[in-house]
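Listed below are the residues making up each chain.
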Amino acid sequence: MIFRKKIITYENLVLILSISAAIAATIYFYSRDLIIAYGDAESHLNIAKRVISGLTPGMAQLGGIWLPLPHLLLVPFVANNFLWRTGLAGSIVSGTAFVLSTFFLYKLTLLLTSSQSTAFWTALIFLTNPNLLYLQSTPLTELFLIAFFILNTYFLSKFILNQDEIVSLILAAFFGFCSTLSRYDGWFLVALETGLIFLHSWWQKAKDQRQGRVILFATPAFYGIILWLGWNFLIFGNPLYFNTSVFSARAQQLAWKARGELPAYFNLPIAFIYYLVTVLNNAGIIFFLTAGLGLLFYLFDRKRSFSRWLIALILLSPFAFNVISLFLGQSVIFIPSLTPASFEWRLFNVRYGVMMMPAVAFWAAYFIKKLGKLKLPFAVSLLILNSAAFGTGFFRVISLDDGVFGLSAAKKVDAQNWLKQNYDGGLVLLDDYARTLSVIRANIPMNRLIYIGTKPYWQESLIFPEKYSRWLVMQKGDEVWNNLYENPEKLARVYKYFNKVYTSEEILIFKRIDH
Amino acid sequence: MPKEVSVIIPVLNEEGNIWSLVSRLDLTLRLAGLNYEMIFVDDNSTDQTREIIRNLAKNYPITLLTKKKRRGKAFSLLMGFKEANYGIIAMIDGDLQYPPEAIPGMLERIEAGVDIVIGDRPRKYLSLQRKAACLLYSFVFGKLIHNLNCDVQSGLKVFKKEILERFSLSPTEWTFDLEFLIKARNAGYRYESLPIEYSPRVWGYSKLNLLKATWEMAKIALKMKFFEPGPVPFSFSQQQQKGLGFHYKGNEFLSLSPLPLTECAFFNFNSTQKIILMGILIAVLSSFWLNWHLTLQGGIVLLTLLYFADLLFNFFLILRSFLCSPELNISTQELLAVKNKNWPKYTIFCPLYKEWPVLSQFVQAIMALDYPKNKLQVLLLLEENDSQTIAEAKSLKLPSYFKILIVPHSQPKTKPKALNFGLPYAKGKYVVIYDAEDIPEPDQLKKAILAFRKADRRTICVQAKLNFYNPNQNIITKIFTAEYSLWFDLILPGLQSLKAPIPLGGTSNHFRRRDLKKIGGWDPFNVTEDCDLGIRLAKRGYRTAIFNSTTFEEANSKPLNWFRQRSRWIKGYIQTYAIHMRRPKDFHFNFQEPDILIFQLVVGGKVLSMFINPLMWLLTLAYFVCRPLVGPTIESFYPPPVMYLGTFCLIIGNFLYLYYYMIGCARRNYYYLIKYVFLVPLYWLAMSLAAWKALWEIFRKPHFWAKTTHGFHLTSPVCSSIENQKSKILTQIQS
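Heads up: the sequence lines are chains F and R, in that order.
Terminal number for the first sequence in this note's numbering: 516, no gaps in between.
Terminal number for the second sequence in this note's numbering: 722, no gaps in between.
There may be inaccurate statements among the hints.
[What the hints assert, rightly or not] A few chain F residues facing chain R, derived, Cβ under 8 angstroms: (1) M60; (2) Q210; (3) R214; (4) I216; (5) F223; (6) A493.
The hints are simulated quantities; they were obtained by calculation from the structure and are not laboratory data.
In this text, all values refer to a predicted model and were calculated from it rather than measured experimentally.
Cβ coordinates follow ideal geometry from the N, Cα and C atoms, glycine included.
Model the full structure from these sequences, guided by the hints.
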């Protein structure tokens, strides 16, 4: 394709296409009420909302488990109730991250291949991936990390390739810092990169500069981690609260392990295969295989160099991180093609596979580039095939499936519809961590919610429920249930001051008796 | 003995004393071989006083002045002084109580170097009333309040007429003497008392109204105590002899600068500033007394906003220094394109004081300059009392383009005063200042000239970057190097990109000589004359540019030496801030060049933060360590938005400030220094301590120049590696 430089450049086209794709996908998923399909999606929105509009607003509402940056970025948008309740607040931020990711993936490819067309194909493969298109319309944090990861990789690659050395290194460190505050994948990323910078300087025989470069990078890159540990210590009294608390992912994983449903735990080959298949399902086999070939070409290219291999390591780091996480039991993935049928759930956390999409897109385009004159027809055919496969349902949009009928799906209970129709004001006591029901769908204002993060309301309400609350919502096994319903004395109080107004198998709702 | 004297005699109804007075004066003065004139000033006598004087004027050199306006002895004297033709004035009352015969003796004292001789009356012939008055005037008003050890109200005084030309007098009827003596002493004149015989009045009556005189004296004594006379510029002859200067409180100051005192750091604060500061202090104290919590809260809000503004500003500066690359870049090709003969004359100033250890190093560095030596003029400015450096300079075989100038010993004893002394001797079209320990890059002078040609017309100063040749000497030099790298490689170029006022470096600032003269040279009283000069030139609409050359200096390696130097710098910044805030509207201001705002942050805010930082750190530490005890109280001082802003400044701001040092090191390719940047918080603490010392010095000894000792690198255990470093630098530069 020939573009008139003055009007349309490859860069402008990438921007236009990514923005259009983001908007179109968001409209599509919004119209099908899929933006807050994930339970986690609502949780992210609610965390941000509580910071500004909770019963006890403030930064402490960010909590200590999920990293804070995505929530902070959501705050300006969730201030608007419509954007909050529809999840579009997340679409705005994730969508922006998606556009940035696409653009800088283009630039990264251009940097590494000096080929505008290859860079364009990379961008196109990336932005047409349906799993990415879905996730970018949601408040989930994957796109945040992907954006920071790509930005970090781009600038670090510039540094490795000796371009604008100081500025590149500083910007790489800055985006590494951002990634460490977005997802824990970022921690692994910056640790790996610190080692790579050391290696790079060693290889360059830049002995005098080695230490300084490492410190120049690592200081801001690790600062996010230090801040998070400090935050955990300040708020919860334990710097490792995010990993040791009962709400942590590790605690969840231990529960799976206890049930014998942690297949990759300390099993490296299984962990490897699980994640590989997850990536395959997210990328689609067409581009997955193309990327595999591209990776081989890249590694054994006649232009290969130590620098290029270092950059390849960075692009592959999400793979390493996820495999290690699975291996150590820090995360779990259930995917139908691998998870035993005996497991209660067979679809969970498959969206983690999109973290490899930048690498898949890059190497797929890299392979296409190698085809010379055939690249255009090949690329177009692959894109059409891939899109058709996903479009017709031949390939599942697995990240969407997880949010619709996987374990990640938000519960849709009748109780929230009832509450939406009958809520008439007052404070609501609810164990939001247990996701008893959706605060968004129940239409409860956030500043009317008493949950575990609203000291002293929560603690006192579990002893004297009548003190603040007008509504009690409890689900079998959640904290409200365990404290009030299972305790005869407190149950007596409940019945003294409240009427039961809703009953279901799992959920009870009480309303304060008005005198 | 002086040969001429004008005798001023104020009279009021003294017809019975005139004839005797005139004949005694004539006899005494003729016998002493003096040319004289007698000037009688009649204060509207109602007797024959005027007629007698007119008669006597036919035979004696007498002038009679009749007052038409204000009555009173003081005004009579002033009128008479104005008409005096001779250089020495003798004033004597017309009541014949003072002996005219004492005048020659008093004139001899004038010849001996005394400027004012006061006839000291014995008290025995004074009435009780007059004795009491004498005690009051001389002891209470004179000695106690103004420390004048003399008979203040004595009616017989002999003094040099030039004294009256130095200052103006605005006495009341009876208060000439006190005001005159105070102002004369302030103007540096010496006075002496000479005992005289004092006779009782034979004819007439005293016109002194004791009560009125006492009241006037008291008023003037107190007024002059609270509104002390200001500095008195040199007389024309003094200027011819010594140069520009003034006297103040009896001390002589040689400024050698045409800068008015309103633009100098002689006084730290002018009266308006003192009133404002006092007002602020009173307001704060009152507010504290009324509601201490709200006051503290308000203070914290203000400080937090200031910190945040400073944080944003510094970030913006660093960003701009990277994005805009504003410094003037002169390439080797551009240098080679200019033929040697076309380079203009260049003057290098090097003020030296107790710098003999590094003098030979300096000479070598200058000789290594790549500049036609026949176009170079190097002025070594040595202090008169620095015999060791003078001896060292004379012992060196200095090239012909070096010249030693001895700066006469005078106050203030400062580097800028020495520079002002040297400026009239400069012949170069361009001038630059180097310190004794400096090693400039050899092509710096050529680059400076080409930088001027590249710069816009407003740029009258080009500043080379400063750094150190001994960064590895110890921890202090390492961190100091990091600091300089940040300042000269990032901050100043960032300021340049905004066309903002730039506080100049202490050395390596290049000017066209005519421009330097136009802006008044250096403030001799400012201990950071470089900072002041940079701001002053910006206020006058000029600009400074940084160019791509470096001068290497010796980083201070001894803690106490460093501390003294740093407190001097901070003191200078305080002085500079105070001076330039006297007339803030003189700052150039528009939205694109908000000089005054930038000045607040770069100079004022920088200094303020050094005082405040330790307190804020203490508060933060107390909050975390003693949270159960003091946490809620501290939190109550921070309204929620301010709490978040403050937290942001704490965790992001402090991090960024630290990280900037790292970036500065990287920019200079000093990667090996980066790890030492983690010690910078201790460095900041030391700077804060130095700031408090500076504050103390501002009030106690504002012009004291704490001399920085150099040459430690020569005796350092790592001396050889420093020499290697210096050689490496020179080799790199030359290649």
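Hint by hint, here is what the structure shows:
no.: 1; hint: M60; result: holds (7 angstroms)
no.: 2; hint: Q210; result: holds (4 angstroms)
no.: 3; hint: R214; result: holds (6 angstroms)
no.: 4; hint: I216; result: holds (5 angstroms)
no.: 5; hint: F223; result: violated (11 angstroms)
no.: 6; hint: A493; result: violated (36 angstroms)
Going through the hint list in order, the structure does not satisfy hints 5 and 6.
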